[in-house]
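A.B. asks: Chains as they are written, first to last, in this note's numbering: chain U, 1 to 975; chain E, 1001 to 1503.
Bear in mind the hints are in silico, worked out from the structure with no lab data behind them.
One or more of the hints may lead you astray.
To be verified - Below 25 Å or equal to it, Euclidean Cα-Cα: the simulated DSS-like pairs (lysine-lysine) are:
{"#": "1", "chain 1": "E", "residue 1": "Lys1403", "chain 2": "U", "residue 2": "Lys335"}
{"#": "2", "chain 1": "E", "residue 1": "Lys1211", "chain 2": "U", "residue 2": "Lys169"}
{"#": "3", "chain 1": "E", "residue 1": "Lys1359", "chain 2": "E", "residue 2": "Lys1406"}
{"#": "4", "chain 1": "E", "residue 1": "Lys1221", "chain 2": "E", "residue 2": "Lys1211"}
{"#": "5", "chain 1": "E", "residue 1": "Lys1403", "chain 2": "U", "residue 2": "Lys169"}
So the chains spell out like this:
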Amino acid sequence: MELSDDNLQILTEYLKKTLDPDPAIRRPAEKFLESVEGSQNYPLLLLTLLEKSQENVIKVCASVTFKNYIKRNWRIVGILVEDELNKICESDRIAIKANIVPLMLSSPEQIQKQLSDAISIIGREDFPQKWPDLLTEMVNRFQSGDFHVINGILRTAHSLFKRYRHEFKSNELWAEIKLVLDAFALPLTNLFKATIELCSTHANDASALKVLFSSLILIAKLFYSLNFQDLPEFFEDNMETWMTNFHSLLTLDNKLLQTDDEEEAGLLELLKSQICDNAALYAQKYDEEFQPYLPRFVTAIWNLLVTTGQEVKYDLLVSNAIQFLASVCERPHYKHLFEDQNTLTSICEKVIVPNMEFRAADEEAFEDNSEEYIRRDLEGSDIDTRRRAACDLVRGLCKFFEGPVTGIFSGYVNSMLQEYAKNPSVNWKHKDAAIYLVTSLASKAQTQKHGITQANELVNLTEFFVTHIQPDLKSANVNEFPVLKADGIKYIMIFRNQVPKEQLLVSIPLLINHLQAESIVVHTYAAHALERLFTMRGTNNTTLITAAEMAPFVEVLLTNLFKALTLPGSSENEYIMKAIMRSFSLLQESIIPYIPSVITQLTQKLLAVSKNPSKPHFNHYMFESICLSIRITCKANPDAVGSFEEALFMVFTEILQNDVQEFIPYVFQVMSLLLEMHKNEIPSSYMALFPHLLQPVLWERTGNIPPLVRLLQAYLERGANTIASAAADKIPGLLGVFQKLIASKANDHQGFYLLNSIIEHMPPGSVDQYRKQIFILLFQRLQNSKTTKFIKSFLVFINLYCIKYGALALQEIFDSIQPKMFGMVLEKIIIPEIQKVSGQVEKKICAVGITKILTECPPMMDTEYTKLWTPLLQALIGLFELPEDDTIPDEEHFIDIEDTPGYQTAFSQLAFAGKKEHDPVGQMVNNPRIHLAQSLHKLSTACPGRVPSMLSTSLNAEALQYLQGYLQAASVTLL
Amino acid sequence: MRRQRMEVSIELRKARKDEQILKRRNIANSLLDETLSLGEGKRNEGIIQLSLDEIVEAVNRSNPELQLQATQAIRRMLSTQNPPFNQIINLGIIPRLVEFLTYADNTSLQFEAAWALTNIASGTSVHTKAVVDEGAVPAFVSLLSSPHMHVSEQAVWALGNIAGDGPLFRDAVINCNVIPPLLALILKPPLFQVPILRNVTWTLSNLCRNKNPYPPLDAVKKILPVLVCLIEHEDRDVISDSCWAISYLTDGSNDRIQIVVDTGILPRLVELMGRPEAVVMTPALRAIGNVVTGTDEQTQAAIDAGVLGVLPHLLQHAKPSIQKEAAWLLSNIAAGPCQQIQQLITCGLLPPLVELLNKGDFKAQKEAVWAVANFVTGGTVEQVVELVQSGVLNPLLNLLLSKDNKTILIILDTISNLFLAAKQLGEVDRLCLLVEELGGLQKIEDLQTHDNIMIYRAALDIMEKYFSGEVQKLLDMVPSIASWHYKDGLVVNASTWELKGAV
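For reference, chain U alone in the conformation it holds in the complex (with noise of 0.2 Å):
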C-alpha cells in the first residue's frame, strides 16, 4: 500500500463503515481491514489518520484500530518462516517506533490512551534491546514543563514498568531495571521535586492541582514499581527526598481538591493510598532501611483516619491505610508505638470502631442488593472493605495487648448497647455496631464449615446472646429492624460451637420463624442458620440436633422453608434450597407424610426453573432434595416409587425433549435412583427410553458421561434379561459406547463399568459373538496407550470374567486370539501390576480371579504355563499381604490435563443419589484367603504331590509362611 492520499481515503471509508450498527456493512468492512494488515505502510496510513484526520470520529477510530493491530501483530510467535508470521516488515517497525512517542504525546487524551497502549506493547517486546533510544526520548520530555506531555510519558512509564510487581527475578528482568534506574531514577526523582514545588505555588488553580496531582500519582505508582524488587540504590540514597515529600503529601489537604461525588475516588484520595501502598511496601521488604522513617508515617496515617470521612469514595484509602497500620503493629520491634494505653484507647475509639459503623451505602446494598450483601457479608468477599481492614487490625492488635484490647472495647460495646437502649427505632445502628464488634474480637479462627473455632476466651459469648441477641429474634414482628434481626441471625450462625446447645434449641424455632421476614437477607440468613445447625456433628458421628428434638417443628419448619421461596426475590434462593435439602436428610422419614405436597411443589419448581437455568447451586440442591424424597419414602414403602415416575417423569421428558443441558445429568441420575428401587423386572416406561440413551450425540457431552454409564449400569443390573430378549439388536450399540469410552485415557474406566455389568449380568449366549471382539479392543488400546488407570480396570475386568466363565474360558478365549497369548497376559501384566489394584470390592474380585486360574485351569498344571503358577501364587499373595503400589509414572501425571479440551460442563454428582457398592463376588467368597487355601486343597486332592513341590521349588520364604498361615486358619493341609 502506497502512503498515498487515495489510500487515506479508502482506508477512511472502511474504518466509517466499521463503526455502522447495520453488521452487513461492518463486517465486510472489518473483513477487509484484516486482510490488509500485512501489507506494507498499513500502520502509518493508520498512523497519518490518527494524526490528520478532519473527523475526530476516524482519528479515534483509526487510534483503536492501530493498538488493535499492534497488539495482534507486533509479537512474533512460533518458529515457522519468518515471513508467514511476521504481518509487520521492519521498515513499518522502524518507523513506528521513530514517530510513536512524539504523536502520542501531541495527541489528545483519548488518542493518547491508546497509543500509550501501543507503546507498552511494543515496549514489552522490543524494550530495551530493540528499542534502545525511547527512555532517553522520554526522560528529555520531563523537562518540557507541559505536564500533558509529561504525563503521557508517566503513562507510558507506568503501563511498561508495572510489570516489574509481579515477575519473578531474572537476570533479564534485573538487568531491565538496571537500565531503566540508570536512565530514570534521577529524573524522575527530579520531576517529583519539581512538581511538588509546582503543587505549592498553584496551591489556588484548581485546574493546574489536577494536572499536577495526576502527575503525582503516576510518580507514586511508577515509584512502587521500580521498588518492587528490590531496594535499589538510588532510592536508598534518596529515601529521604521520596519519603519527606510522600509524608507531607499524607498530611496535605487543599480544599480545591475535595470532590462532591460520594462514591468515585478523588485525586487526593488516590495519591495518598498509593502512598499507603508504597510506605507499606518499604515496612515490610526494607524494614532495615525504612526504620527511621516508619514512625513518622505511622503517625501521619492515623491522624488520616481519623479526619477521613464515611463517604464510599474514601474506602480503598482507609482499607489501605488500616492494613498499613495493622501490618506495622504485629511486628515485635514496632510494638512499642502501640502500647501506650492512650494509643489503645484512641486507636479503638478513632480508627476501628467508626470504620465498624453500618453506612448508608450498607443500608442500600442491604435492602436492594441483597445476593450482593450476601455474598459479602456471608462468604467474606469483602477485600478492601473498611470493616474487613478494621477486624484485621483488631486481630493484629490482639497479637500482643489482647487484654487492653478487649477492655476498651468492652467498654465501647456496652455504651453502644446504652444507646441503642434509650430509643432502638433511631439508635438501632449503634447496636448492629457493638455486634460487629463483639464478632470481630471474640473470634480468633473462622471456617465456613464449623463457624467460629477459636473464641477469645474474655468475652462471655453465651451471656451476650442470651441478653442482647436472642431479645431481637424473639420479638413478634419479623420485618421490625432488619438489620439487627441478620445480626442476630449470623451471631447464631458463626458463635454456633460456642452456644451451649440448650440455646441452640431455643433458636431454631425463633429461626423458623424468621424464614418468613420480609428482607431477603433476614430470611436467606435464617434458611443459611437452620441448615449450619442441622450439619453440626454431636458425639458418635451423629448430627448434633436429632430428628426427635426437631420434631414437634417439621410441619412449620417444611412450609416456611417452601413458603420463603415464594417471597419476592427469593424464588430460586439457593440458601433455602440448600435448607430444604439439609432438612430432608434430617428429619428422613418424619417428612413422609409431607411428600406428596413437598415432590408436587419441587416439581413445578423444577418445571419453572428448567426454562432458564440460572443458579447452579440452587438446582443441585433442588435435585438433592428431589433424590432424598425418593429414597426416604421407598426405603418404607418400595411401592411408592411408581408415584415418583409419574409425578417426575413427565418434566424429564420434557427436558430431555428441550435438551436442556445443564439438567440432563441430574435427570438420568434421578432415573438410576428410581430405576434401582425397582424388585422386579424393567418397567416397559424405561424400556422404551432405552434405544434414545445409546445415541451418540448424548455422549458427546462431557457431563453426560458419569451419569449415563451408571445409567445404563441400572438397565443391565434390572433388566439383563428384557435386553437379551426384547432388545438384543441394541446390544451392538451398547458395545460400541464401550469402544468409545476405553478409547479415551479420561473415561476409559467408565467403558469398563459398562463392560463389567454386561459380562456380570448379560446372558452368555447373547454376549458370545462379541466377546473375542471385545478382548481385541482391549489389546488395541493396550498396545496402544497404556496407563495405569487402564491397567487397573483391565486386570478386574479379566478376573471378573474369569470369575463368571471359569478360568479355562479365559485362557482359550486369549488363546484363540494369538498362540500363548494366555501365558503373555500372565506374565508381563497379571503378575507385574496386579499389586497396583486399588479398592476392596476390587481386590476381591483380583484374588478371587487369580485362584479360580491357580487351580481351576488345567493348562496351569501342565504346559508350558505351569512355570508362571508359582509366581502367580506368589503376586497373589502380594496382593493379600504387601502394601497397595500406589506409583504412577512421571508421564502419566498430566494426562487429564492434556487431553482435556477445556473445563466445559462438569459433571455435577448427586450426593444423595448415590450408588451402593457393588460387589459381584459377594457371598460366594468371604475370606478370599481361605477360599484360596480351600481351592488349594482341593487341587491337591486332584493331584497329590504337585502343589507341595511347586510350592517348595520357588515360593519365596516370607510368602511361603503366609500361604501356611492360610492353610490353617482353614484347617486344611495339602497333600
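Starting from the known structure of chain U, arrange chain E on it as the hints suggest.
C.D. replies: This is chain E only, laid out in the frame that chain U set:
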C-alpha cells in the same frame, strides 16, 4: 534443593555493608610513620611543598634526597581523602616509583615508593592496573624478603591490594611465587607479631578470594595449613580474616569444599560462629553456610561439628543480615536426607524457625520459607507432621501476603506438598480446616487474581483440589474422539500382539 550462595550478576542494591574490604589505603599519618620515613632530626621540620612539575622533575633526577622528597610528597597526596589518582598516574612517574622499589640501599625511598604504590593500587581496577602494568608485582614480591620489617610489611599490603582486584591480578601475584616469602614472614622473628600477622592474613585472604576462575589448587593447598594455624590465633582481626579466607575457599564446587573439610577446621569455625563479635562470627557463619551447600556428607561434617547447637541463637540475632545468613544455612540442611532433617528436629531448631517466620526480618523470612519448603519436600510424613505441630502453618500462610513473588510461589508449592502428606495420613479435611481457620483460605483465594501466571495457577490448583465446594467437583473430562465406530458396532483390525512389560 540446596541453594548456592546467590550468584548475582546484576545487583540493584547497594553493595553489602558487611563484606570484607577488598582494598585498603594506608592513610595512617602517625608520627611513627613520619619518623620511620624521615629519619632522625627532621621530625618537626616543615613539610616541603612541591608542585607537580617539580615532583616529576625530582623523581626523574638521580639525586636521592630529591627523589625521597618527591616520593614522599606523592605519598602524602595519596594519603588524603579523595586522592588525585588519575592526576598522579598521568604524571607518568609510576615506572620510576616501581624502580625505586629495587633500591635496596635506600630503605626510606623503597618504603615511600611502596606506600605510594600501595595507595594507587587501592583505587579502582584502572588504578591498580596502572601499577601492575609497570611490573610492580615481582618488585613487591622481592621486597617481602627485605630485612626491614616496615618495608616488607608495606609490600604485603600492596600485594594484598593488587590481589584483591580480581582473579586476573590475584593469579598474577600467585604466579610470581608470592606464597613462600609471604608465609616466611609469619615465622620471622620475633614470632607472630600482630601487625604483620594481620597484614599477611588479610593478603592471604585476598589470594583466596574471587571465583571464575578459582585460585589455583596448589596455591590453595599451600595456604590452607597456614590458615588452620592462624585461625587459632588470639587476635580478633587475624581470626576474622582467616575466616574470610576460608569462606572464600568454601564458596564453590564440592571438591573445593572437601579440601577445607579435610583440614578438620569445621569445629573451630562452628565455635567462632558462636562468638559475640560480629567481625569473627560473620565470616565463620558464611564459611559454614558455604560448606552445607555441598554434599550430604559435607553437610553432615558441619552438623557433626555442632552447627545445629549455635544456629538457634543466630536465627534470633539482632542483625537482619545474620538472621538471613543463618536461615539460609538452615534451609540447606533442611534440604538434606531425612536423617539430617531429624537432627534439625532433635536439636530444637523448629521453634526458632517458626519464631523467625513469625517475627524475623523479611529477608530472613524468605530464607526461612525455603527452609520449610525443603523440609516438607525431603522430610518423612512424621517429620512433616512434627513441623506442622510446631506451628509453622500460621506464619507461612501470613507470608502469602508478602510482596515477593518467588516467596509466594514457594509457599503455595509447600502447601500443596503438605496436602499430599495429609492425604497419606487421611487428614486432608483437617488440614483444610486448619488452613481456613488461620485465614489461609482467604489468602489463597485472593491469589487467584494475581498477575503472575504461575502464582495464579498454583493458587487455583490448591483451590480446585482441596477447597472446591461440596457441589461442583470437576470429575472426569472427556476428550472428543474422532473415530467412534458406534454405528457399525465393534470394529476390530486383526494384528499380532506384542505385550510390553510393566507400564
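A.B. asks: Taking the hints in turn, state whether each one holds.
C.D. replies: Right, here's what the structure says about each hint:
no.	hint	verdict
1	E:Lys1403 with U:Lys335	holds (22 Å)
2	E:Lys1211 with U:Lys169	holds (23 Å)
3	E:Lys1359 with E:Lys1406	holds (20 Å)
4	E:Lys1221 with E:Lys1211	holds (16 Å)
5	E:Lys1403 with U:Lys169	holds (12 Å)
When the structure is compared with the earlier hints, no violation turns up for any of them.
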